[in-house]
Amino acid sequence: MSPTADPPEPTDIGVIIRDNLHLEGPLLPILHGMQAAFGCVPDAARAPIAQALNITEAELHGVISFYHDFRREPAGKHVLKICRAEACQAVGANALSEEVLSRLGVNWHGTSSDGQVTVEPVFCLGLCACGPAAMVNGQVRGRVTADALVAEVAQ
Amino acid sequence: MSLKVWVPLDAAAKAMGADAVAAAFEAAGAQVVRNGSRGMIWLEPLVEVERDGVRVGYGPASVAMVGAIIDGSADSLGPVEDIPFYAKQNRLTFQRCGVIDPLSMADYEAHGGLTGLRRAIGMSAEEIVTEVTDSGLRGRGGAGFPTGIKWETVRRADAGQKYIVCNADEGDSGTFADRMIMEGDPFCLIEGMVIAGLGVGATKGYIYLRSEYPDAIDVMEAAIIIAKENNLLGRVLHSSHEFDIEVRVGAGAYVCGEETSLLNSLEGKRGVVRAKPPLPALEGFLGRPTVVNNVISLATVPVVFEKGAEHYASFGLGRSKGTMPIQIAGNVARGGLFETAFGMPLGELVNDIGGGTASGRPVKAVQVGGPLGAYFAPEKFDTPFAYETFDGEGGLIGHAGVVIFDDTADMLGLARFAMEFCAIESCGKCTPCRIGARRGVETIDRIGEGDVSAIPLLVDLCETMKDGSLCALGGFTPFPVMSALEQFPEEFAGAREEEFAGAREAGAREAGAREAAE
Numbered sequence: 003m004s005p006t007a008d009p010p011e012p013t014d015i016g017v018i019i020r021d022n023l024h025l026e027g028p029l030l031p032i033l034h035g036m037q038a039a040f041g042c043v044p045d046a047a048r049a050p051i052a053q054a055l056n057i058t059e060a061e062l063h064g065v066i067s068f069y070h071d072f073r074r075e076p077a078g079k080h081v082l083k084i085c086r087a088e089a090c091q092a093v094g095a096n097a098l099s100e101e102v103l104s105r106l107g108v109n110w111h112g113t114s115s116d117g118q119v120t121v122e123p124v125f126c127l128g129l130c131a132c133g134p135a136a137m138v139n140g141q142v143r144g145r146v147t148a149d150a151l152v153a154e155v156a157q
Numbered sequence: 018m019s020l021k022v023w024v025p026l027d028a029a030a031k032a033m034g035a036d037a038v039a040a041a042f043e044a045a046g047a048q049v050v051r052n053g054s055r056g057m058i059w060l061e062p063l064v065e066v067e068r069d070g071v072r073v074g075y076g077p078a079s080v081a082m083v084g085a086i087i088d089g090s091a092d093s094l095g096p097v098e099d100i101p102f103y104a105k106q107n108r109l110t111f112q113r114c115g116v117i118d119p120l121s122m123a124d125y126e127a128h129g130g131l132t133g134l135r136r137a138i139g140m141s142a143e144e145i146v147t148e149v150t151d152s153g154l155r156g157r158g159g160a161g162f163p164t165g166i167k168w169e170t171v172r173r174a175d176a177g178q179k180y181i182v183c184n185a186d187e188g189d190s191g192t193f194a195d196r197m198i199m200e201g202d203p204f205c206l207i208e209g210m211v212i213a214g215l216g217v218g219a220t221k222g223y224i225y226l227r228s229e230y231p232d233a234i235d236v237m238e239a240a241i242i243i244a245k246e247n248n249l250l251g252r253v254l255h256s257s258h259e260f261d262i263e264v265r266v267g268a269g270a271y272v273c274g275e276e277t278s279l280l281n282s283l284e285g286k287r288g289v290v291r292a293k294p295p296l297p298a299l300e301g302f303l304g305r306p307t308v309v310n311n312v313i314s315l316a317t318v319p320v321v322f323e324k325g326a327e328h329y330a331s332f333g334l335g336r337s338k339g340t341m342p343i344q345i346a347g348n349v350a351r352g353g354l355f356e357t358a359f360g361m362p363l364g365e366l367v368n369d370i371g372g373g374t375a376s377g378r379p380v381k382a383v384q385v386g387g388p389l390g391a392y393f394a395p396e397k398f399d400t401p402f403a404y405e406t407f408d409g410e411g412g413l414i415g416h417a418g419v420v421i422f423d424d425t426a427d428m429l430g431l432a433r434f435a436m437e438f439c440a441i442e443s444c445g446k447c448t449p450c451r452i453g454a455r456r457g458v459e460t461i462d463r464i465g466e467g468d469v470s471a472i473p474l475l476v477d478l479c480e481t482m483k484d485g486s487l488c489a490l491g492g493f494t495p496f497p498v499m500s501a502l503e504q505f506p507e508e509f510a511g512a513r514e515e516e517f518a519g520a521r522e523a524g525a526r527e528a529g530a531r532e533a534a535e
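Chains as they are written, first to last, in this note's numbering: chain A, 3 to 157; chain B, 18 to 535.
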């Protein structure tokens, strides 16, 4: 799950674009493809994407920046998403996330100084009857505790 | 013969450790079926074992219990379908969820799957749409618009290419019905989309599925491949009809659950809301006639055709016909998905079905319908669960999520959160939402600091947002805010003066330090 650290190769960028270009509305699939390959949407991909889709880089920037999922830089080794929505708040999510953030020494969207973990808020994982809920590297976790989350991302 | 065991692959079951339990059963030589969830989330992972032809439940199960479950010495819950939470339901849409192997077409057909589609193939497009209209099915995403009328508009539209777009961007807190059916009975959604395609003359479908649901994405994509291999997709059941489906993954924007924003996102644009008209039914995806329906609306279509519109319409209350999968969540003793005919009083869902709070403390309020839904204090618990009755109480049922809070809930904090959430998720297209949400947070902070003169301002702002916003995000954010203010006025009366004075001083110190540094 953890993104590769290698700088993106222009050929890889081109392949991802080409593989999706036949789709109706190919931009989101292309951006997801970039993020899956490089851990982010690399700046180097912007000009070729804009070129391939015949849109301006300004328009492309508008799209990338609209969506919470797309990153400009790769995340830390682990990505921890903690649900902040109401159902999880009803079972203590606010106190939980404050404790996790403080123990990891980061703010929302922040990456720990050792690059070990990026913590992000998420608004609902559909685990509302077994909250507080979280996701660690794409794996769902229910009825979480701060201890369990901090221990898991320390590995 | 080895023991047959069901261990759900549902994300809630996985979140509670189902994968490890399934692996332990496999290691012990059991034949493991990964089913969907029965919806009794407080029992997850809910393991079922076949004994004398009856599925007996064990839960919440753990790896440590596997040996005792196999040798029969573990305490069982008895036959799963006799557990009161399950036995009291009218399962129509969710009739197979938790029962079958979600990725077995044979299992699907053995439990009534494809019966509806076979019937639809023998009908004209007009007859198909009439059947849906007669069933009284309304949009289960929240708006409650009659599904048949939407389909009729698309059916009558003249275009070379039409689309069925399934809105699987289930972002409302407290809701997980879409996720559960996609993970537990994906062919049912596919069958519903195919019938929609036959009804309106569309040959292509998209499922816009939120990225927060990776498990649902995996199951749906696997199901589409199997559906193609079995001619549920492609040339539909070897008839003259064609239909194909693609899954498209969202990217974390709540507003993309709004249908026009979703269409923009699907086209690869910013997910900003479009003004209506034109209706998506006439100018939707890529400007072509498009049915945009919620997962549950589409997944209910097969049972309407299997059992007939009249059967479906025989359930419900007034104009709210049929059943609703109600999701009981938050601080709740027995949380999960409870499908029942419209009309059950809210209090019965919260107290009798849900068993009250998990903390054992009194229920203070429940929020119904996601982050845009109103808070209901126990005084309103006799409200029957239906579209019109909730509307009459200044609320909405939305996607039928019921989130329970105990008496420690901070209503002013929750009202502030509603505005903050709207500010984070606003698409920015219309002014009342883009600017109003931000001003709303500030105004609630002023009230929290003890400035009661800001209360009329908040009321006025809510009116403006309600009347002037382009979509439900800005338009409905006032529901949680106003319902909290009206039912818990004492929490908005400035009792928090001390707490906020501290925060204000800290803010001033920080500002002073910044100035000094400059």
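Hints in this document: simulated from the structure, not taken from any laboratory. Glycine included, every Cβ here is placed at the ideal spot set by N, Cα and C. Incorrect hints may appear among the rest.
From the structure, some residues in chain B lie toward chain A, with a derived Cβ separation under 7 Å [claimed, not checked]:
| hint | residue |
| --- | --- |
| 1 | G188 |
| 2 | R196 |
| 3 | S228 |
| 4 | V264 |
| 5 | V266 |
| 6 | A326 |
| 7 | A330 |
| 8 | L334 |
| 9 | G335 |
| 10 | N348 |
| 11 | A350 |
| 12 | G352 |
Quick check on L334/B please, does its C-beta sit within 7 Å of some C-beta on chain A?
violated (25 Å)
Given a cut of 7 Å on the nearest C-beta pair, is the interface hint for G352/B held or broken against chain A?
With a minimum Cβ separation of about 3 Å from chain A (threshold 7 Å), the hint on G352/B holds.
Less than 7 Å between beta-carbons is the criterion; does A330/B satisfy it with respect to chain A?
Hint violated; A330/B Cβ to chain A Cβ min 29 Å, cut 7 Å.
Grab the minimum C-beta distance from V266/B to chain A and call the hint holds if it beats 7 Å, violated otherwise.
Holds, because the Cβ-Cβ distance from V266/B to chain A comes to roughly 6 Å (cut-off 7 Å).
Interface hint check: G188/B, Cβ to nearest Cβ on chain A, cutoff 7 Å. Holds or violated?
Check passed: Cβ of G188/B comes within 6 Å of chain A, closer than 7 Å.
Would the hint on V264/B be counted as holding, given a Cβ-Cβ threshold of 7 Å to chain A?
With Cβ-Cβ at 10 Å, over 7 Å, it is violated.
Given N348/B was flagged as interface, is its beta-carbon under 7 Å from a beta-carbon of chain A?
holds (4 Å)
Hint status (Cβ of A326/B to nearest Cβ of chain A, threshold 7 Å)
violated (30 Å)
Status of the R196/B interface restraint (C-beta, 7 Å, chain A):
holds (4 Å)
S228/B was flagged as interface toward chain A. Is the shortest Cβ-Cβ separation under 7 Å?
For S228/B, the interface hint holds, since the closest Cβ of chain A sits about 6 Å away, which is under 7 Å.
Mind checking the CB of A350/B against every CB in chain A and telling me if the closest is under 7 Å?
violated (10 Å)
Hold the hint about G335/B up to the distance rule: shortest CB distance to chain A must be less than 7 Å.
violated (28 Å)
Checked against the numbered hints listed earlier, the structure breaks hints 4, 6, 7, 8, 9 and 11; every other hint is satisfied.
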